[in-house]
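**Q** Residue numbers (the working numbering), protein chains in the order written: chain A, 1 to 349; chain B, 1 to 319.
Everything labelled a hint here was simulated from the structure, so no lab data went into it. Glycine residues also receive a C-beta, built at the ideal position from the N, C-alpha and C atoms. Hints should not be assumed to be uniformly reliable.
Derived contacts from chain A toward chain B, CB cut-off under 10 Å, selection only [as the list claims (entries may be wrong)]:
#1 239
#2 244
#3 281
#4 347
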Amino acid sequence: MPLNVKNTPVSIAVSSAASLTKDNNSRTLLSVQDLRVWFELRKFGFGHAGFVHAVDGVSFDLHHGETIGLVGESGCGKTSLMKTILALYRPTGGKILFEGEDISRMDKKALKRYRPKIGYIQQDPYGAMAPFMNVQRILEEPMMDNHIKDRNERYERIRNSLEEVKVTPIEDFLQKFPHQLSGGQQQRIVIARSLLLRPSFIVADEPVSMLDASVRVEILRLLRSIQEKRHLAVIYVTHDLSTVRYFSRRIFVMYAGHIVEKALVSDLLNHPAHPYTQALLLATSEPDGANARVFKEIPPGEPPNLINPPAGCRFHPRCPKTIQNLCGNEMPPEFELGSEHKVKCWLYR
Amino acid sequence: MDASPLLKVEDLVLYFRTTRGVVQAVDKVNLCLEDNHAIVIVGESGCGKSSLAKAILRLLPKNVQSYQGKVFLDQVDIMAMNDEEFRKNVRWQWLSMVPQAAMNSLNPVLTIGDQVTEPFILHTSASKAEALLQAKKMFDYVGIPESFLYRYTFELSGGMRQRSAIAMSLITMPKLIVLDEPTSALDVLTQANIFNMLKRLKQELAISFILITHDIATSSEIADSVAVMYAGQIVEINNATRFFIEPLHPYSRKLMDSVPRLHGDKEPDFIVGRPPSLVNLPTGCRFKDRCPDRFGKCSHEPPMTLAKDHLVKCWLYEV
Numbered sequence: 001m002p003l004n005v006k007n008t009p010v011s012i013a014v015s016s017a018a019s020l021t022k023d024n025n026s027r028t029l030l031s032v033q034d035l036r037v038w039f040e041l042r043k044f045g046f047g048h049a050g051f052v053h054a055v056d057g058v059s060f061d062l063h064h065g066e067t068i069g070l071v072g073e074s075g076c077g078k079t080s081l082m083k084t085i086l087a088l089y090r091p092t093g094g095k096i097l098f099e100g101e102d103i104s105r106m107d108k109k110a111l112k113r114y115r116p117k118i119g120y121i122q123q124d125p126y127g128a129m130a131p132f133m134n135v136q137r138i139l140e141e142p143m144m145d146n147h148i149k150d151r152n153e154r155y156e157r158i159r160n161s162l163e164e165v166k167v168t169p170i171e172d173f174l175q176k177f178p179h180q181l182s183g184g185q186q187q188r189i190v191i192a193r194s195l196l197l198r199p200s201f202i203v204a205d206e207p208v209s210m211l212d213a214s215v216r217v218e219i220l221r222l223l224r225s226i227q228e229k230r231h232l233a234v235i236y237v238t239h240d241l242s243t244v245r246y247f248s249r250r251i252f253v254m255y256a257g258h259i260v261e262k263a264l265v266s267d268l269l270n271h272p273a274h275p276y277t278q279a280l281l282l283a284t285s286e287p288d289g290a291n292a293r294v295f296k297e298i299p300p301g302e303p304p305n306l307i308n309p310p311a312g313c314r315f316h317p318r319c320p321k322t323i324q325n326l327c328g329n330e331m332p333p334e335f336e337l338g339s340e341h342k343v344k345c346w347l348y349r
Numbered sequence: 001m002d003a004s005p006l007l008k009v010e011d012l013v014l015y016f017r018t019t020r021g022v023v024q025a026v027d028k029v030n031l032c033l034e035d036n037h038a039i040v041i042v043g044e045s046g047c048g049k050s051s052l053a054k055a056i057l058r059l060l061p062k063n064v065q066s067y068q069g070k071v072f073l074d075q076v077d078i079m080a081m082n083d084e085e086f087r088k089n090v091r092w093q094w095l096s097m098v099p100q101a102a103m104n105s106l107n108p109v110l111t112i113g114d115q116v117t118e119p120f121i122l123h124t125s126a127s128k129a130e131a132l133l134q135a136k137k138m139f140d141y142v143g144i145p146e147s148f149l150y151r152y153t154f155e156l157s158g159g160m161r162q163r164s165a166i167a168m169s170l171i172t173m174p175k176l177i178v179l180d181e182p183t184s185a186l187d188v189l190t191q192a193n194i195f196n197m198l199k200r201l202k203q204e205l206a207i208s209f210i211l212i213t214h215d216i217a218t219s220s221e222i223a224d225s226v227a228v229m230y231a232g233q234i235v236e237i238n239n240a241t242r243f244f245i246e247p248l249h250p251y252s253r254k255l256m257d258s259v260p261r262l263h264g265d266k267e268p269d270f271i272v273g274r275p276p277s278l279v280n281l282p283t284g285c286r287f288k289d290r291c292p293d294r295f296g297k298c299s300h301e302p303p304m305t306l307a308k309d310h311l312v313k314c315w316l317y318e319v
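Just chain B, with the same shape it has in the complex (with noise of 0.2 Å):
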């Protein structure tokens, strides 16, 4: 691992009150993303990845329980902040977001160019005309004509809006941007372009991403590396090439095996079973139910254990 990392995350976790009891969303997550890095985070809906998000932005909603750990930026340790120091010097300077639906997001009572402006003014005491010539900037890099910027999101396609987003997400150049599944409504051709655009970011402006997605096929465009999330809890944190080869988590190979291919005899697999819920979680590891593999052990929790180089939670890699 890098020495000084761009983001450090430590013992992470949100849990939320609701009527049935805590919800765990994310229990105790530990990530690591250097520089110029893409960590994708995949898993199944319900398994907490766009918490793990908000957590990470510290946007969250008024039923938390419980929101603890450690989070350093650049070494800055920003959950010692308090909510206005967090929201004037990290959000939007350090990191900003793409929300899921991104381009059901923006204000259709607005001009394009009214919302992309909006932070930049806000955070860096710009004039409307500096912002405006920011925002074309950006807008070039997404690949978006500047005249759009006159206009209401009702008159832009699905992918136009989602480049205004990502655009918006630009515009204070952040070191870290996370993407909230970007491209899952979108058309195949629009969401490749979406996806060589952001490879183009990356080079560029050496931005780091983290992408958060069910679509693992897709995911495999930016990763650098894989983190995989099983019901609140990061299972396999593995290096991109070596992840859509080899997953060595038992849930990563079967979350692999359900991936429909275009090409080759290999028939896809389900998944028997469903992941538990995450107000009533099962003591041990919280895979076994569904496991292949289980033997003895793994009604302990397993640890995260270092094998062949990756970081995987999975008895069956103990030293």
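Bound-form chain A, shown alone (with noise of 0.2 Å):
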């Protein structure tokens, strides 16, 4: 079973104590320090009409060949911070470090050298590959633009990476159009294309979310054990928290554009310390007849407005554990609850 073996939370002390000790051995391979991306709004066209807080004082590490589960809902800026991280939108304030290159300071040709060491999986396969090219120009394409000028080479590329995503006879495939295929398909060829530049991390935005329960299972399979062959690292963004645990080593809970929690998923999901945590864990449902029966005490209403964003804690409106005086008032700092555990809520001043 090559989804289980690091992450599953079985056994929890062992798992997540081996885990430390490898990690602080490995060297980090991105490290986002006090990111702000933020959007201004323009009144007709021009003249400053305040700002969308999208992502506000973000900062984690990520190391090489790990995992990360970033779970939020939608609005929380989890994309915003991907698209940032994938270069394609520029911070407004703090560093993106790759290898310790700040991708923020880069210009056009440190960008063209960065953009092929990350590979990206779009959540939407269709809406990912242009409806006109077949599978070959699909694939091909990326290699293209990175001068990748021998055709036997990028030809053979092609073939290990489609073999790599078990998307066989290859020969069937290359000349189909995106219509021709099956979501999982779709999904598949939109993973190989992701790895033909041979990245060492992956973002995976919403990878199984358009896709069927059943096939679902099938890909999230497939992407962990490529994550464990080829030891890449990962950040897999979703807004359902049952399928983080199955692939992740890590997770990130967002909200309103702050991580609000950050722990190891067996801690997350048997001890959820953020008020936010806590509700998402009790939202998410499991099959089991007699919920029928009962009411789930959800907090009521919903995310903040990212343009003027709620004083203090971004949650506080709706948490049913709100102090006085303080949540209100001031924003929370990050306090550690264990060695990888860490929440942004004055509940653990």
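Build the complex from these two chains, which are given one at a time in their own frames, with help from the hints.
**A** Next up, the structure:
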């Protein structure tokens, strides 16, 4: 079972301790420091009308070969964060160091060298492929852009990566167009494309959310085995907590532009600290006939507007455990609950 | 079974004509739904779940090749009605539907209030003022502030739009609401809030639901019974409490195994292969090519059998 080896919280103490020691030895691949991504709003096309604080003070380190699950609701800034890491957006403030180099200061040439090192698996596989290109063309495109001029090498790489994602026999697929493939096959092609340039780091943005339950597990396992074989660092972005544990070592929970909790998968699932994380876990259903007879206690309301986010903790207007005169006034810093468990919440002061 | 169920579907068939051949989307489906009951229809995409809903509501496209069977709503055979009678007396009066991606099905150039009240005005010949009053009542039930009646769809979040769509389906006070993937595009917390609301509606207004979904975990939030659909047929109908513990049909078991869970150390599994094309269906049991338990008999079509008090279409449970 390729999916299971490191991350499932079967034996909590052992697995987390083991991976800890391993991590201290490994080099940091990506370091995000106090990152801010704000989008300016304009009135009538000019004249400043405020900012959308999509990502507001996010810091974390990602090690070589490490998998992180980034969980959050739509509009919490997770896609903005990913696109900034992919150098598609310029950060407003803060740094992103990739192998020690700050990508926000890179010029075009340096970016061109940086981009092949990261792979991107898009959420909607059909939307991510040009409908008028066949599979071969879709896969050749990134290599042609990156000066792999030798035809045979291109073909060889296509063959290898298609075999890796188990789209075989490859001759049957090369001439097909995206609409002739099933959802699972489309997603496999997108995964194959992300691997062609041999990246060391992959951003997977909701790679299975568009797929049927039975195919979903298959794709997750495939990703897992590729990650292990190539020792890839992966950020797996999702809104579905129940799939994260099969894929990542750590989970970050994002709310309204902040990462509110960071923890190892087993800690987060068994001892969620932040009230928002607790609500998310409670809201995620497990198949059980008894569910139909109970009401869930879910915080009312919706995530705040990021143009004028609430002062203090951004979750405090919905939080059942708000502390008077504190949560609404001051932004909580990151409190440490354990060596790898950090939470932004005043309850742990 | 109850002597007079709210809805009774007998041998319902819906085939579509396409250039590739006849698509057998709904193939002899039998279903029974009691008053104030919620049935969930689960299955992979393309198994005919949405077509079944459309067949019950008679919302049919032009390329229908065959549409037959019997549908009894409170013992009245609604299939015998002509389209006009059906429109006047059944749709909205007895049953309404919240379509898939309902939040995007609202009209962007009308206010929410205009759309929500429209069916009420058309079906009860109420005045605009009365309809608005009714709409406010429904908004109360689904938990939207009344002032939202005067807003446009783009001013509302996805969850609020979904609630408005549900309010609209409630406005004529039908007995049965068909929900097609009501929460699939929504966030987890919003999803849980909407299910809380549906549970309350079921308790307070005694409404019945048919919920169509591919998400088995969240479907358990409202299900009284579960019907599993595969390749145009219903292969199992089971009581929800039992189904989530012990599904009977091999396909249902596989489907349950594929659900990722938050706790426990059971690894989810996937179903090898793909569902058959509805144009070119295999003979015999339609699941046999993917089934781990297949045996000689599977090349003949299994009957619906009563096993452990539940209906299952599989030779394994033959008496």
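**Q** Does each hint fit the structure? Answer for all of them.
**A** Hints, one by one, checked against the model:
no.: 1; hint: 239; verdict: holds, 6 Å
no.: 2; hint: 244; verdict: holds, 9 Å
no.: 3; hint: 281; verdict: holds, 7 Å
no.: 4; hint: 347; verdict: violated, 19 Å
The structure does not agree with numbered hint 4 stated previously, though it agrees with all others.
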